[in-house]
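Visitor: Sequence:
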Amino acid sequence: MFAAIFVLAALLRLATVLGYRPAWVYWFDSFTYLNSAIELTPEKSWQPGGYPILLWLLRPLRSVAAVVVFQHALGLAIGVLVYLLLRRRGAPAWVATLAAVPQLCDASFFRLEHAVLSDTLFMFLMVAGVVTLLWRDEVTFRRGVCVGLLLGGAAIVRTIALPTVLVAVLWLVVRGAGWRPVLAAFIGAAVPLSAHGAWYAHHHGSFSLTGSGSGVLLWARTMTFADCDVIRPPAEEASLCPNGVTKDAASEYVWDPNSAINLFRGDEDTRDSLARSFAIRAILAQPLDYLHAVARDTSIAFAWTPIAHPKRTTPAYGFAKGVWPVPDNPLLEKIQQRYDPRVGVLRSVDPYAQLIVWYQYVGYLHGPLKLLIVLLGFAAVWRRPRTAVLPWLTGMFLLVGPVAVLDFDHRYVLPAIPLLSLAAGALAARR
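Here this note's numbering is used: the first residue of the sequence shown is 28, the next is one more, and so on.
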């Protein structure tokens, strides 16, 4: 059964590669990653440099198509990891297969894997770290180091993974694993984190995973509920209060030229520091409003069909037919010359594109099914805690975390799915 699903998933990914050439390249994120890979320099932004290292390793191929083929292979590998761990834990073959189906067969994953974005690499490292930790009940020093390396590696791809290192360590402590595995996990995680910090310091003068910007993101989260009559910020932060600009999604405040943050006069580091201070002050002054905003936006994930958030976006399943030139970008010529000359236009090619366009409406995990996976995983936490607790907590953190620090995005839901599916499948595990 699993072999049949795996072959289907591989063929559908092949159709995606043949039907959409060369790959999705996005105006901001993709160009930032590719430029960082060309220069082998971490960008001074809120994006860490882990994913550009992968792009740099694949650069001799001079093809973004090769990058996404590699990412499609990682997508298949994630499904295999989910299946293998559940089988090892005694789950029936049909349950383990069913748990792997969302990752293997949801067309949303095809779209994500086919883009020059960090998410697929991040997802693989997260799932591989959790599976490695749960592979045997006894955690050796060597395995603890491997877990730390994988989760620490995920953190230098997307910083949202950094707290998951602590979640894994806490799980080891609660399980009574002893001090050696705990120390090993810390040592393993310290290697990629320290290496990235030193790399960043070499180029930008400070030991960090990212540059300024995280404070601005958290500030944008508060703009959906902030009331300065309640917050009472000090004078230096008062200019960051809502200024009458109203957006339908928190992330829109980052980009709107008329929002308070973009009218702020001062250097970027000062702006980011004051934005973070204002945001923390707002959350402490209005905790219930903050929790309501996070819960409301997280619930978008559970709608039957994709909801436009923000409303200016198209909440499509992802695939269409046509030709899509990349919007004008000052880095385009550089990337064409030094990474892949085909970057710039994405084209659909029939009959492969038509197949994927048709399939996406069938191969889509609707919101209520996502909610069911969450609830089954929660039930497994109580029935099979040895297997379910870690993936469920990690998956829920990846689901809610991005909303808590900025906003909901359909793209950010996907990394949580294989972990939550793993937890749900543990309900049928024997141990």
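Hints were generated in silico from the structure; no laboratory data involved. As the structure is a computational prediction, the values presented were derived from the model and not from experiment. Be a bit skeptical, because a hint or two may be false.
[As the list claims (entries may be wrong)] Straight-line Cα separation of at most 35 Å, DSBU-like style, residue types lysine-lysine; simulated pairs: (1) 71 with 274; (2) 71 with 338; (3) 397 with 338; (4) 361 with 348; (5) 274 with 397; (6) 348 with 274; (7) 348 with 338; (8) 361 with 71; (9) 338 with 361; (10) 397 with 348; (11) 338 with 274.
[Claimed, not checked] Pairwise CB distance ranges (calculated): (12) 254 with 167: 34 to 44 Å; (13) 234 with 381: 27 to 37 Å; (14) 364 with 256: 50 to 60 Å.
Note that the Cβ used here is the ideal one computed from N, Cα and C, for glycine as well.
Visitor: Sort out which numbered hints this structure fails and list those numbers smallest first.
Guide: Hints 12, 13 contradicted; others consistent.
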